[in-house]
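Offset between the sequence shown (1-based) and the numbering used here: plus 1365.
Treat the hints as calculated values from the structure; they're not laboratory data. Please read these numbers as outputs of a predicted model, since none were measured by experiment. One or more hints might be untrue.
For each label pair, taking beta carbons as the anchor points, the in silico distance ranges come out as [claimed, not checked]:
hint: 1; residue 1: 1394; residue 2: 1451; range: 28 to 38 angstroms
hint: 2; residue 1: 1470; residue 2: 1414; range: 19 to 29 angstroms
hint: 3; residue 1: 1440; residue 2: 1464; range: 32 to 42 angstroms
hint: 4; residue 1: 1384; residue 2: 1440; range: 32 to 42 angstroms
hint: 5; residue 1: 1403; residue 2: 1482; range: 20 to 30 angstroms
hint: 6; residue 1: 1404; residue 2: 1439; range: 24 to 34 angstroms
hint: 7; residue 1: 1418; residue 2: 1476; range: 33 to 43 angstroms
C-beta atoms are modelled at their ideal positions from N, C-alpha and C, and glycine is treated no differently.
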Amino acid sequence: MDECSDEESASQETKCPSSRIEAIKRSFDMNGVCVPAQGKSGGLALLWLKSVTVLLQNFSRNHIDVSVQLDENLDWWRFTGIYGEPDTSKRDRTRNLLSRLHNQSNRAWICAGDFNEILD
């Protein structure tokens, strides 16, 4: 998995079934959300320590968007894990998704993942 911080970990294109992600969550005693792979392609997972408060905002086969609070005395912020459209003729979909997500909140925002070179 790609490391995000000590509290959170994200992975793009997991290529594994939800049952495998659930087993990992149990093994490491973590919370998480998974967008299952379709066959042997795609799949997203976001895992976090149980001490962190995470609220799922929305998701698709290309993203997981959450609000995060590391401690009740700290401000909420936002994390979006992205898996950009791999088909070059559809990369505008990733740009449009990022634009829509940007307009949904004014919180501090970290957006990370595999963008598949969305900038031309």
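These are the hints, each one checked on the structure:
1. Between residue 1394 and residue 1451 the beta carbons are some 33 angstroms apart, a value that agrees with the proposed interval 28 to 38 angstroms.
2. Range check, residue 1470 to residue 1414: Cβ separation about 23 angstroms, and the 19 to 29 angstroms hint holds.
3. For the hinted restraint 32 to 42 angstroms between residue 1440 and residue 1464, the CB-CB distance of approximately 24 angstroms leaves it violated.
4. For residue 1384 and residue 1440, the Cβ-Cβ distance of about 35 angstroms falls inside the hinted range of 32 to 42 angstroms, so the restraint holds.
5. For the hinted restraint 20 to 30 angstroms between residue 1403 and residue 1482, the CB-CB distance of approximately 22 angstroms keeps it satisfied.
6. The supplied range of 24 to 34 angstroms is broken by residue 1404 and residue 1439, whose beta-carbon atoms lie about 40 angstroms from each other.
7. In this structure the hint that residue 1418 and residue 1476 lie 33 to 43 angstroms apart at CB is violated, the actual value being about 20 angstroms.
Checked against the numbered hints listed earlier, the structure breaks hints 3, 6, 7; every other hint is satisfied.
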